[in-house]
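Residue numbers (the working numbering), protein chains in the order written: chain A, 632 to 980; chain B, 198 to 431; chain C, 20 to 315.
Zero decoy hints are in this set.
Straight-line distance between alpha carbons at most 30 Å, and here's what the computed DSS-like set of lysine-lysine pairs gives:
| # | chain 1 | residue 1 | chain 2 | residue 2 |
| --- | --- | --- | --- | --- |
| 1 | C | Lys-234 | A | Lys-756 |
| 2 | C | Lys-143 | C | Lys-234 |
| 3 | A | Lys-768 | C | Lys-287 |
| 4 | A | Lys-756 | C | Lys-287 |
| 5 | C | Lys-143 | C | Lys-287 |
| 6 | C | Lys-234 | C | Lys-287 |
| 7 | A | Lys-768 | A | Lys-756 |
Worth flagging that the hints you see were computed from the coordinates, not collected in a lab.
As a plain string of letters, each chain reads:
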Amino acid sequence: MLGRLLLGVLVVALLVAPLFVNQFANFVLSRMAIYTVVALGLNLLTGYSGQMSLGHGAFFAIGAYGTAIVANRLGLPWPLCILVGGLVAGFAGYLLGWPSLRLSGPYLAIATLALAIAVPQALLKFEGLTGGVQGLKLAQPRPPAGLGLAQDQWLAYICLVTAILMVWVTVNLVRGRVGRAFIALRDSEIAAQAVGVSLPRFKTLAFAVSAFYTGLAGGLLAYLLGYIAPDAFTLVVSIEFLTMVVIGGLASVAGSVIGAVLIVILPLVSSNLTDYLAALLNLVGLSAVGATTRGLIWAIYGVILILVMVFLPGGLISLYDKIAGFWAAKREGAVKRSAVPSPEVKGGG
Amino acid sequence: MLRLERVSAAYGRIQALRDVSLEVPAGSVVALLGANGAGKTTTLRVISGLLRPTAGAVYFDGRRIDRLPPEAIVRLGVAHVPEGRQVFADLTVGENLILGAYARRDRRNISADLERVFNLFPVLRERRKQLAGTLSGGEQQMLAIGRALMARPRLLLLDEPSLGLAPMVVREIFRTVRRINAEGTTVLLVEQDASRALQVAQTAYVLQTGQVVLWGPAGALRQNEAVRRSYLEY
Amino acid sequence: MTEGQLLSLGQQVVSGLSAGSIYALLALALVLIYQSTDVVNFAQGEMAMFTTFIAFTLLTWYGVPFVPAVILTLVLAFLLGYLVERVVIRPVEDAPVLSVVIVTLGLYSIFNSVAGWVWGYVPKGFPSPISAGTVRFLGLTVGLLDLWILGCAILIMALLHLFLHRTTLGTAMRATAHNRSAARLVGIPVGRMLSLGWGLSAVLGAIAGMLAAPKIFLEPNMMAGVLLYAFAGAVLGGLSSPSGAIIGGLLVGVIENLLGALVATELKAGLAFFMILAVLVVRPQGLFGTARRRKV
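So that you can see chain A by itself, here it is in the shape it has in the complex (with noise of 0.2 Å):
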C-alpha cells in the first residue's frame, strides 16, 4: 500500500515539474523519459528474454529516421510519426530475431554489433533519404492553444507521458504469458521448449517489441531534437544502452527506470566531480594539473561504473532488494541447530 502510494505521488510529481523547472531541466527530464523507454524494451529483450544486444543504437536510429522521413514526406501527425518509426525499427528487431535462433552469448553480440556499425555507415550513404552528413530536420510538435505551455514543457509531457505509458504496459507484459514465456526463454532454452514455449515465435518477438520500444524512443528523440544525424548513434549509443539497463538492474523495471535516470545524469555528475577535482588540485596548489581535469570525466565515469559493479552487480536495484531482504531476515529470527549423536556400530552384528 505504502508502495502504490508513492509510485502516485511520483508520477504527480513527474506530470507537475515541467511547469516549475527551466528549459534546461524540462530537457533532461525528456531525454531521460526517452532512455527509460529505450531501457524498458531493452531490458525485455536482455533482462527477461537473456539475449545480449549490443545494436540497440541502429533501432534507435531507425526510428528516429523514420520518424523524421514520414514527417516531412507525408506530413502525418506527429503521434501518427512516432508509431511508424516504432513499427519499423520493431521490423528490423523481427528480423534481427531469426539470426539469433541460430547465435548465443557472445556471437549473438558479433551480430548485433553488426548492426550497430552497419547503419550509421548506411545512414551517411544513402544521402537522397537521411541527408546523409547533414541529417534531417523535422518540425517540431507544437503545444495546443489555450494551454499557455511553452515548447520544452510540451515536449517534456509527450516524453514523460509516453515513458509512464511504457512502464505501465511493460509491467503487464512481464506479468502476463508473454512475460512468462520470456522468462522462461531466459532460464532454460530446451526446458521452455518441453512446455511449450516456441523458441522462433518468442525469441522473434523478444526482439521485435524490444526494437519497437527504441524505436518509439527513437521518434520522440528527433522531435525533442527537431534535427537529427547519424553522428547521434554510433556504437557509443548502443554500449550506453547496455550500461543503462545492467547498472539499473536486470530483469527489473524499476532497474529500467533507475539506469535511464543515471546514464542521463551521470556525465553531468562526472563532469561536477572533475570540477571539484580541479578545485582541490587549485588548493594543493597544482593548478596548472587542475585546469586540464576535464579530460578526466570519462575517466570518473569508468570508475562509478567499476564501482557500483562490484559492489551491485545485480545493478542499484539489488540495493532495494537488499534492504528488503535484511529486514525480512531480521524478522525471520535465527534458526537454531541441534546437535545428533553419531550412532556406534559394534562388530558382530
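With chain A's structure known, arrange chains B and C on it following the hints.
Below, chains B and C without anything else, positioned relative to chain A:
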C-alpha cells in the same frame, strides 16, 4: 592421519553437512557411504579445501587444514580424485599426469612417479599422447587416479570411482585401489556401491542428509540390518 | 581478370594479411582471456593503446633505445594486465556476465580518457625499426612495413604456442582455462593463472599496438576500430580456439581490405560484419570453434 571434528558445511543457505566427525587412521581404507545427496562429495570437498566449513575443524597429521587453500593441502599430501573423473579433456594423457605433480616441490622424482603410474595402469602408457577426452570412462577414471597419484599423496580421496563404469572395469579399479593402499597410501573412499566399498575398506561411515548416522568396522556394517536394507540390497 | 587486376588483388590480399595479423594478435588476446575467465574484455584495445603510449614515452621523452624500450613496455604491459585482473576483474568473477562486460567498458573509458589527458589527442608518429619502403615479391610490390608486421606476428604466435604447449606453466594455464575445478584439485593456483592470462593478453595487445602505431598513428582512439575487427575475427574463428582466432583475424583483415577496394570504403565495416554474421548463421560456433553440446 585425518580427523574431522564436528564439521558443518553449507552451499549458500542449503545445509549440506551437519556436525560430521570422522577419523581415517594412517594406512587404512575408510569408506564413506550414503545415498545421493547425503553429503559424501561435500565431505571430500571440505577436506581438499574446495569448500570452507561453516563450523568444526579438519586435522591432517595433527595439523589444522580447513582454512588452507587447495594448493597448500595438495602440497601437504592430500590428493582428491573428483566425482565424474574431471580429467583435462583437451590435454593429452601425458599432460594430465604431469599436471598432477604441479604442486610438488621435489621435481626430480616426477619421472619415477610417472613410471609407477604407467606400471599401475599400462593402458595409460599406450594412450600417452591421446587427448584425455577421447578415452573411455574406465580409462579416464584410471587417468584421474593416476593424476592424483602423481602428487605423491599420503591420503587419497576417491569420489565414486565406480560411477558409470562396467562391472569388470570397476573390479579392476578396486583391485588397483587395494594395491595403492598396500603400497602405503591411506584411502578415503566415497561410494554408492556399498557392497564393493565394504569389501575393500576396514572402516565405514554412513551419511544421511549431511549427518553420520552409523559407523564402525566394515564387517559389522555388512551384517547390520539397516545398512543391508538401505544400501546393500537393490 | 587481367594480369594487372590480379596483381592488384594480390597486393590487397597482402596488405589485408598485414592488417589481419594485428587483428589476429588482438583476437588471440581476447580469446585467451575469454577461454580462461569467460570474460569478453572490451578494454583490450585501450590497454594496448595505453601500453603503446608508454613505449612512445620511453622512446621519445626519455630517449631509451628501441629494443630495451620495447622489452620494458612488454614487462609493464604484463604487470598492467596482471593487476587489472587481480584488482578489478577478480572481485566480479562470480557476477553475472553482463556485469563483467560493464566493468570492462568502464576500464575502456578510464584508459581512453587518461591516455587523452596525459598525451593529448593529436596523432603522433611512432618510430619503427623498418622504414617505409617496398620490395618485390612474386611479382607483387609489397610494403616492407607490412612484411615486418606479418613476420613479427607469426613469430609471436609461434612463441606463444611453444609456451602454451611445451612448458608446464603454459599447460597449467590451458588446464585452468578448460576446467577450473579440476585445476584447483591438482594444486594449480587458479587465481594466479588467471592473472597470468590477463598479463599475457596485455603483452599481446602491446605488441599489436606497437606494430600498428607506425601505420595508423598513435592517438587515444587508434585501437577502437582494430578492437572491433579483432572481436569479429575472434568470433569468426570460434571463441574456443586460439588458432581459430588467428585465422579469423587474418581473414577479417583480408576481407576488409578487399571490400574496401572492390566495393565501397564507407560501407566496408558494415558489410564485413554482415558477412561474418552470414558465416555464423551457418556455423554458429565459428569456423573452428567446438559446438557446445547442451546438457539437459
